[in-house]
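Knowing the structure of chain A, use the given hints to seat chain B on it.
Going down the list, the sequences are from chains A and B.
Quick note on the working numbering: the first sequence kicks off at 14 and runs consecutively.
Quick note on the working numbering: the second sequence kicks off at 19 and runs consecutively.
Simulated from the structure, these hints should not be mistaken for laboratory data.
Computed from a predicted model, the values in this text were never measured in an experiment.
Treat the hints with care, as some may be off.
[What the hints assert, rightly or not] As a list, the in silico EDC-like pairs of lysine to aspartate or glutamate whose alpha-carbon atoms are at most 20 angstroms apart:
{"hint": "1", "chain 1": "B", "residue 1": "K93", "chain 2": "A", "residue 2": "E149"}
{"hint": "2", "chain 1": "A", "residue 1": "K95", "chain 2": "A", "residue 2": "E149"}
{"hint": "3", "chain 1": "A", "residue 1": "K95", "chain 2": "B", "residue 2": "D193"}
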Amino acid sequence: MTIQNQPIPTVLLDKVSKLYGQVIGINEVSLAIDGGVTGILGANGAGKSTLFKLLMGRLKPTQGSVRLFGINPWSNSAPYRKIGYVSESERLYDWMTALDFVSTLARLHGMTRDEARDRTEHVLNFVGLDDVMHKEVGKYSKGMRQRVKIAHALVHDPDLIVLDEPLHGCDPIARTSIMSVIRELGNQGKTVLVSSHILQEIERITEQIVIIHNGKLLAIGNLHAIRDLLDNHPHRILIKCENPRSLAAQFIERDPVYGVRFPNEGELEIQTNNLSKAHSILPSIILQSNQEISSIENPDDNLDSLLGYLIGDANNG
Amino acid sequence: MEDSVDLGGGQTRMEVAFGAGDGDEEASAVVTKSDTKLGSIFNQQYRTWEGSLGPRWVRNYAIYRHHVYGLLTSKGHRYYHPMVRLLILVIFIGALTPVPMLFLSSLLGGEDGGFISKMWGINRYNLWGQVLGYFPRNMCFWPLLTALVVGGMISDDRKNGTSAIYFSRPVTRFDYTSMKYLSVAVILGFVIVFSYFLYYTSAIVFRGEGWAFLADTLPIFIGGMIAGIILVITYTSIGLALSSISQSRFFAAIGFLSVIYGTKLVSLLVELQFENTILYIISPYDCLAHVGQFLVGLPPNYDHPLSFSILSLLLINTLSLGLLISRVSSLEVTRE
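Just chain A, with the same shape it has in the complex (with noise of 0.2 angstroms):
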């Protein structure tokens, strides 16, 4: 399927606008996903379930198009053969065993009863639940509600996943497990879109961002691409060592430092427009300085900054 001889994307929105009434809930949100992981990010109530839900069908945008695979999810459900969707609130059987819900799903979407129950064994198996999966949903823990939640999504081996939230609740363990899932079904080459308003969790899945921000699209990219594009902001680099001072008037000669501030006792940081090539001058600066490092640190290459970053310059524009 091609568009102007141009492959299509799996997901694709061209200037979708979504509006409750006077409020705005996304705005000309244009983007092309296709395959990885891809983190969706902002506040609560940015935008994320909004865009998850003009996705997956529930929502008609009020301007601009919508496709999946190239197929518009409103009027047709056709593409729900290749998405797996798992809703920040959906609700689940809790009588049933895991397996049975899973199996029961999978024939949703046409498995025989055999396939349906391999399947659910394979997919229950991969969430870490093939232990307790002749258990009841309802005696599950929340972290292990997500698993079979993914689990569900992943049974008819989609080829988009839509994530919405999926680690709210879950305790740290869960959280680690959840994330290798994440990752290894990016590595094989699903396209994966998983929103969060935790910034820390995104980081550690992937590094391909969106960022949403009352109902804008703020950035879409790699995170650090992103981080490097804002030049117009401090970069940051923050050093342990003995003699801040002596060190400080090393950097503050050199051409990418513009400024240097002493935190705290035995910190200095340094402050550039230009990450890379005051990165590149660092270890010489310290081998001459013959000081005893115990680290150097880019608190501005975070998520964290980044919003704050680009949160403050939508709100200023």
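Coordinates of chain B only, in the frame set by chain A:
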């Protein structure tokens, strides 16, 4: 008299009374050593699936069986409370009460058997009454059966958000609704129409009737069966419509009983007051009874024309289905 307590290491009177020291002199404790695993990070090995997914009818059959088989076993199917299952069984057995009477008639033979046969045997009135008689079937059995089966059919999905499970799969809203409809209709049909069929068959078998009897009564039987099917369709439509507008199975069930009994009661009061049966067209039961009387060839109990009842039934079904479709269309579609 003065009490004295030896604090210098002897026994207090309480210790003497209970025969025990305070235990501190040999204090010890055992703490169980827990070797419970706190958790584990499992090893993922995802295997792609090379099979092909089945066609639409296979998916629809999965929805249908999920709802119907749940009456027999909860394993992998929709959950029906044991009391609901029991009541449905009681209603089914209750609907079959003429069968043992016919058996008794065939055992007794003679005058006694003839009386029983006349009371419960095959004739226009009994065939009509087996499906459309007011007491006990349409006053107790069928409305209660419908309320029990249909109550949570869609309202449970509305309440729990489990319809999302269907709509994130290649299941259209039409398939979802039609399979729910078929599931309810099959359960009602099994109890109402199948019990009618058993009644007719057992009458032939127990009385040893021949082809002539069959030729005489088959058209009446078919008329009654058509009336039963219309009843199943009408009750299913009304029940599912009420279930689709509700987030509680209780409201849907009570709403259905209110519609059936309420319209009947109002019509009856109007008839008693004004000696006019026209208002019975608002009562689904009376419309069905009127049409049923026509189908089995009985003189009508109603003064108004049959066409009024037929039109009313069409209208009731159309309105119910319209409501059902519009509500299911908006299921899981939020804030449109």
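Hints versus structure:
Of the supplied pair hints, the one linking B:K93 and A:E149 holds, its CA atoms being roughly 10 angstroms apart against a limit of 20 angstroms. Distance check on the hinted pair: A:K95 and A:E149 sit about 28 angstroms apart at the alpha-carbon level, beyond 20 angstroms; violated. For the given pair, A:K95 sits about 19 angstroms from B:D193 by alpha-carbon distance, which is consistent with the 20 angstroms threshold.
In summary, the one numbered hint that this structure violates is 2.
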